[in-house]
Amino acid sequence: MITFILNNKTIKTSEHSGTTLLDFVRYQQRLTGTKIGCREGDCGACTLLVGTLNDDTMEYQSITSCISPLGNAHGKHIVTVEGTNLKHKLTTAQEAMKANYATQCGFCTPGFVVALTGFALSNSENNYSNAIDAISGNICRCTGYKAIEKAAHQVVEKLEHQEKNSFKWLIENGFIPEYFESIPQRLKDIEGKYINQPKGKYVSGGTDLYVQKADHLADNDVHLIAEKDYLKGITIENGICTIGTNSTVSDLWNHTELNSILPNLRKHLKLVSSEQIRNMASLGGNLVNASPIGDMTIFFLALNSDITITNQNQKERHIALKNFYQGYKKFDLKEGELLKEISFKLPTAEFFFNFEKVCKRTHLDIASVNSAIHLSVENDTISEAHVSLGGVAAIPKYLHNTSAFLTGKPLSSETILEANEILQKEISPISDVRGTTDYKRLLARQLFFAHFTELFPNNFTLNDFVQHA
Amino acid sequence: MHKNKSNKVLNTKLDAVSLSLKQSIKNLDSYTHVRGESLYVDDVNIRQGTFHAVVFDSPKAHGKIKHIDYSKAEALEGVERIFTYKDVPGENEIGGIIADEPLFAEDEVHFWGMPIALIVAESEFIARKARGLIEIEIEDLPVITTAKEAKAKGSFINAPRSFSLGDTEKAFAECDYVFEGETFSNGQEHLYIEAQGAYAEPMENGNIKITSSTQGPTAVQATTARVLGIAMHKIEVDVTRLGGGFGGKEDQATPWAVMAALATYHLNQSVKLILNRHDDLRMTGKRHPYESTYKIGLSKDLKILAYQTEFLQNSGAAADLSPAIAERTLFHATNSYYVPNVTTKVLSCKTNLPPNTAFRGFGGPQGMFVIESAIAKAASEIGVSARQIQEANLLDENDTFSYGQIAKKVEAKNTWHSAKNIFNSDALEQEVADFNKNNTAFKKGLSFMPITFGISFTNTPMNHARALVHIYLDGSVGISTAAVEMGQGVNTKMMQIAADVFSIPIDKIKIETTNTTRVANTSPSAASSTADLNGKATLMACNALVERLKLVASEDLNVSEKDITLKDESVFINDKPSELSWTELINSAMLKRVALTENAHYATPEIHFDKTKEKGHPFAYHVYGTAITTVTVDCTRGTYEFDSVKIVHDYGKSMSEGIDLGQVEGALIQGIGWMTLEEIAYNDDGRLLSNALSTYKVPDIFSVPKRVEVIPVETEGNDMAILKSKAVGEPPLMYGIGAYFALQNAIKAFNSNYDLEFHAPMTPEKVLMGLYENKK
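As they're listed, the protein sequences go chains A and B. Here UniProt numbering is used: position 272 in the first sequence is 272, and no number is missing along the way. Here UniProt numbering is used: position 242 in the second sequence is 242, and no number is missing along the way.
No wet-lab data here; the hints were simulated from the structure. Note that the structure is predicted; figures quoted are calculated from it, not measured. C-beta atoms are modelled at their ideal positions from N, C-alpha and C, and glycine is treated no differently. Among the hints, erroneous ones may be present.
Claimed, not checked - EDC-like, lysine to aspartate or glutamate: derived pairs with alpha carbons at most 20 Å apart:
(1) B:K22 to A:E157
(2) A:K87 to B:D507
(3) B:K129 to A:D219
(4) A:K89 to B:D507
(5) A:K9 to B:E37
(6) A:K228 to A:E337
(7) A:K409 to A:D432
(8) A:K267 to B:E641
(9) B:K22 to A:E384
(10) B:K64 to B:E139
(11) B:K64 to B:E137
(12) A:K199 to A:D189
Said to hold, decoys possible - Beyond 12 Å from chain B on every Cβ pair, some chain A residues (computed):
(13) R30
(14) E82
(15) A93
(16) K98
(17) I135
(18) C140
(19) T143
(20) R186
(21) I190
(22) P198
(23) Y230
(24) L338
(25) E350
(26) S428
(27) Q446
Looking at chain B on its own, in the form it has when it is part of the complex (with noise of 0.2 Å):
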């Protein structure tokens, strides 16, 4: 009875999403992506006499270089010049956050995959050709491949950070139980499909375009004046669209275009520089593998009191985004709960893996697996389920984070009530229990997994955008923002806006590629905040834009501004339409010398932190939500598929309902992804073994959940966010952290003696190692 009264509601729920979904607006570059005809860095027209280049990297981790012959190769038939860090006129110097990274190698490498030259021929083939025919020889130094190794030789990347709320330690001696432990979480390849590149073409006086597949146009346009020794003015970047992004092109899309632009600085000719795969795979870095201990105390009735953690990054040869994704670990590192005495710490520990950086979550994943681990292994010790532990620390209003902000409009307890009860999750539970009871070749395990995720770049100074809008004088209308269109669906999001305030058809409409000289000084395409801060500014170029039109429409029609309003392509007055159409109104503002063009700039209020207290108020505001995975193990071969994701998820008021939900889904599968099949390897000589798409596996059609039901959680939204609708893009991932407790949840019933092991990805090897460990 309870169960159909239940499965009764989760069908109109369901309804409902669906005919959200057949109402809800498609993403506006559908059309030219279903046809082929969606521009790309590489599918841009290139000029005659484009030259191509490929990029000579170091075959060893790290080592003295003692002598390099380019000689063979330079004198190959089509090749045109290799350049080095010599030919560098300004600073071979691209980190971002510190200035430890060359562009090109010069005494030393420091990771396998660095780039040493770059080889500029008639063809890429040729200038592959050549690569092969450089000579070098390099004297080994040793090899750093594990952060643990790392912290053992005092290797970091900069000082340690750490947060701290109450007494830890006073609490710790104060608790019923307390179970310390170890946790591995393995990095992820970002498995963009178009891979990283750059065209880079000459233009009059020096100046330089680049087309670079990047999501932070300013960071290309900077570092490549940077190491030209120019203005930034000099440097034009231009951005259609990425073919994927991930966070994998927020710093390391640079040196590609980089090193494109340095060759048609010194030829004076354009230069396209596409990495192939494997070069991509092997040259750049991936999300941090992360390696932790954690100690967690808990009162008799599941309070956890006290949590104290350490993180040891794996933060690869160089800066990159390191110490900013570190600091988010720490934001994250207690999830959705409250704990009212928490220390963390991290160390960004050097090594000599490609510098790792930004990937969906930016170090927040990696926190949250931690905690997650810390309360399985509690639960299992004590002998409750995780989601007793879970459900009694759920963050509640006005709960304090480790860093200081108060939280406020939380959905932690709605969205997992929620989940358990549309979902029935006793009755799903019920079901797993009696399919564990009823069969021993397949078991099956169930896991909760609610997420709490800040959003804003917790670097304050970033959180800004700016929007042109230009109405031209038949009535359409041009929008640049700073925002990067990379399959996230911003340009819908920020054609929606524009079209609502001026309320015209989105036919009217443009949304124009990223470039430095219509948006200068930008703020990358990341954070999960984009639409926010891009969207705020076009929501306030367009207001600014309306006001101004009102006042000529109250000028052609005498009557008073507030009467006013537009609405469906005309000028209604007290909500009735006048004879003055959209068009006409432009018209006449253009003979009245009113400007059409306006430039907002946007900054996001209210937020702060001071790294000298650790605390303070970084978020704009969280996003929240739970979802529940249940998976059936094949205990005869360890393989395994999972049922299904049930997920009640905090949208806010949602603008675009089908992007949304494919944000939700994608980032789910993603996470699930790092969870479960995506391993990367390294060899001690930090050598990278997975480095083809045969050994890196990726999520295919076959292995994602049979069912992926995501339902809104009704809340008001946040002011906050563009149109009270939350930010979509990193918080879903975590979702996928479910995936690899259910996993042990069934390997623990087929297993009893299944010691609990931490160590993530959960392939099926390690599924079936578990299910047959110490097995009586």
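Just chain A, with the same shape it has in the complex (with noise of 0.2 Å):
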């Protein structure tokens, strides 16, 4: 049985875990607050709060329900619109989007209204940044969005002085209703993991699986792997950062240590998606997705990552993620085998790091092109440098000979203007919807030069590089 709260509800279901929690919300339980705007996890309007206990306090991220299975919300508390709501009057966030006209067709209020809740709920700093990354996933295609943006501000003035993990403060400043208290002893209650899975497609967020072909999974037995521990973890020991596939994009995100190694990591993965996406997908699921512009592989490409995969037999197995992909959506799994964890080196102190991403939307959108370069430099040589290069070819590719070419080379713009004539010769992009051939080419230069732009704004500024170029 898969045994969750849903808003002031118990719920014991032995419904399918591959059908989707919008579908269960909304036509099982009729609930029918969360809407279906595009079942793809690309606008938001089915928007849920999931909340994890973890020793004692409650946790609570948005996802998008349409690419989440039912599953996944075993011994969790289930948060939809109609479960914020207060008897009589509105909650603050409400409050917020009312009286700035935040609303006008209302299709996608509901989802705006759960993700601001969520800010509330979340350990996010009350800023109005976060607050807008909070619904960053939700697409409203009426209001312009400028009265939403005064809504979030009013809210994030509401929680100036907030006591974070509180429910109690935010109780009585009319964000939750009073049930939210009861929550984690209710939790506690529900029995354990939730094991007695079948054999079937592996599962974990279920953000790219479940946009593929969500009909299939919810028609067929799914395996979720997404509870699974030996998956999970980040641990950085021994000049090794560790990080197992079921991590999020999010645990990525939280994580204190890993942040002060990639000082802007948070600034690259703001271009990963949005918060709801970033909060269910897991980094295994975006590299055996093999998309040749998969953000988080070009990411860890240029980190000379390896990978360990295990077999069911927990037999290991270690690459290097550059040699993982083998053709269009080829790599080399086999049947029966997961991704366990990847790994990388911990850089030295002359470590330069950088990731581009460009797309027609900045944000939530695909790339056209995106790249990730890693450099060591030591008395303006160049003395290691790894670069990758999404969209321009049938894999998520690591350029070998650029990168090789870098490598011992003084750091000027000859170098770099020499180093892109390399790289375009490793590359091969296609016409289709994300671009043209040409203007992919041309773009991969570009973020092959704001690389060296963005890392070394003494050095280098855009007119060294096209002048020549």
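Using the hints, put the two standalone chains together into the complex.
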């Protein structure tokens, strides 16, 4: 039985675990405040909160329920807009939306309300930028967002004196109903892990699989792995950072030490989907999706990462990520094998890392071209270089030749211009809905230049490159 | 000094706007919206035994159907029945203006996504599974995807239309400058977040009730009756509200409602048909792409003396609303400018795309984009700023539009100069110039965009509406009109009118669903006119009731009728409260057997248009405004951010400042989306490539301008508008056109060899290519 608390009600269901959470709450439970906009995690109209009990405290995250398997709700507190409603008045988030004219047709509105409530419940620091991140996955076609920005400001203002991790404060200040206080104890009472899982397609966060084949997953057995502990966790030991493939993008975002190693991590991850999707999407899923444009793949390729693969007998093998991809959507993973973890060597002092991504829409879009670079520079000489480029070949591309060329060269505009010539020979972009061949080639060059103007602003400006390119 | 002074003016104005927003009425529907309690078609409780339907559509853009095998699909457990054109008891025809569009394909398919059959099953899931089991064989026929191709092959929807004023040919000969060129503006997906859908229920005696997400309940009713071959009174259409429409549900909500009703007709069971997003994107039409040519002639002092265009409208595979949209393109071809010699022509080109349809602006934006392109081209060639040409040609009082209407109460110059003064555009332009001098990796661009948009359905007979107002015996009020609430706040406006006339609190008033049995034979909620038409009708009905109630009060209080007013839920005599309350007055009226229900009919006066002469007075009034857009382009990556859009807008006397500002901002962002990110793509076979939200990007919260400032221009308003509060739904969309030209100006600042191209949208791809083309 899948057991969880839906708003203020304990649910025990033998529904198929691969059904989407959206269909379950909307059509089985008749909670119609959760809307269907796109069924691919791209609009946020179906946003729900997932509360997890961790050491006596509740942690809430927003998700798009259209691409989330019902089975992943097991042991959680699931909150829909109805579950935030107070009896005869509006919650603080709802009032902010109303007072600022932030709702017009109203169809996207519950998603925004839930996401803003999730922000109030979350551990993120209370500021406007974080509040906007919280609703970054919500599309509104009516308002043009300016009114929603005002509503977000109002929520941030109301949270000014918030006591973090205090349901009591949030209840007293009208953010959530009283029953939230009973949730931790009630979750403890739910019988442990959901273990009797059938064999079937491995599904972690589901953010990609449910976009590709939701009907298939709702009609066939799935094997849910999102809660498997041995695939989780981020450890930093002996100069190596190891990340379990079940880690979500948000896990990376929230990891303090990782953020100090890669100081621009959040800036880069902000370009990777929306907060709702970052809360669900697993790193392993992005790697095995094998999209030539996978953001996290491009990111970790430049970190020269290794991956650990395990089979059903727990037997492990290791392989460099750059050797994992064999052709379009083809990779070195056999039947019954799972990606277990990814690891990379911690950088030395003279370490430079940058990630670039350009798409039609800067956020929550798939790249036309993305790229990452990792350089070690000693005495103005590049001692180590790893460059990756997405959207320019059948696989997420580690640029062997360009990387090799850069190694040992002086850090100069001549080197970079020459490296671009090699880079252009290494890639073979095709024209598609994300851009023409010519555009992708030009963009690849520009992003390559951008790495250097970003990382070495005192050495290079755009002019150094384009005047001679 | 000058700058500080101006900022003070601006800040005072912004404070005033901010205060008016605090005091302005909130959207009546926001309480249930924010609680997730508003009911859309998919939220309405369904009856036991309801079937669910999925549409089987053409996998080719043009061809002959050789063979279809439904047997495997029909055999699937849970499938009830599959309906095709053979099951249509009446006419297999849904075309509104021209009868050229079958509900279901018969022998041929004309676009990719054209409905062929309706699969009805116990669940949507089963129906979709069954769809995958249908086998179809289609013999390919040649596919036309562009308007130019259609023109070359002589493939048109109807005869071309042409407006003219003065003598264009003669005028060109006298011009100091003449420029010609081509433009393209792409389509645009409506992307209402609520997809198309309907729910049909069998009633007694073969009657059918349809709950539809439509802007045009009467269109649904009439078309269903036609397809089923039964009388209109047997069909009741009810609309609770729409999760966005934007024109996409004016005509194209109809087929899904008709299909659901057809299945209900045969099965005598309720049937629900809600399109999933991919089906919706593939099967429905969009804003029309236009390929146009222009010729513009100017004098030395930058007066536009002559203007000539040919608009090729990509209408898609059937007429839908294309002829009306084409017409509006001609009405707005000269935007806010007075041009004494104009020849405009539009050809509705028949292609193998889904029939393109109404979209906020209704052909107007496509027309305006062309003249703005022509001005940009002329400015660039002459070596002046586009702003100078725009400013030299703004419309004045008593100028003649190319369609013969004389411009009255014109605010074109007023909004333009107000925008310049309030926002200190000289300083803004200087800031942009300074920034560009001091930066190489980023460049800024600025543009002006004036708008003039005519209000009324250009098809004069459609300009009418009705309101049915009941006062219940406890003094509460229920109002039915033809207006469909789709986010524009029309419910709130109707309520405000009644609350104002009756002088009762808003919680005593309920706005009912839009229902064809209460208000019949309606025009769709469209053309920005919904609040005007239905509001005037509501006002008339409420006034009539008040007159009757005053008579009752005068008898009860024994005073003259003319001394009586209704105020604060009481009867006032000579502005002083009497002992008679609103509720007592209603009670008294009941006892006196006075009718407490009123049905009023409003038809816009003064308007007319003669299509044989292409002259007349089609618009009740025009809406004016000016936007100044500033953008920053990242010249490394080709990406961009809009710094600000500063607008002076002509609301007339806004009756609901908060709601109207929401319309301006929302339309602006939609217009910017059309000009920048939103890129519809079909391949040569006519298959939609931008077929999901992952490939079709609308603006998100990060991609909107950092600042949007909207200052109302102070005018007298217009009596043809409801309470002098002008229509606001569509006009501000065209401010978004400024985004294109701001981007172009930024590109030019980086790359002086950039060849001006007018090919919207200006995606990051086009920006980057522009930044580096012929770059020395």
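(message) Hint compliance check: list the failing hint numbers for this structure, sorted ascending.
(response) Numbers 7, 9, 12, 13, 14, 15, 16, 17, 18, 19, 27 - these are the hints that the structure violates, sorted from lowest upward.
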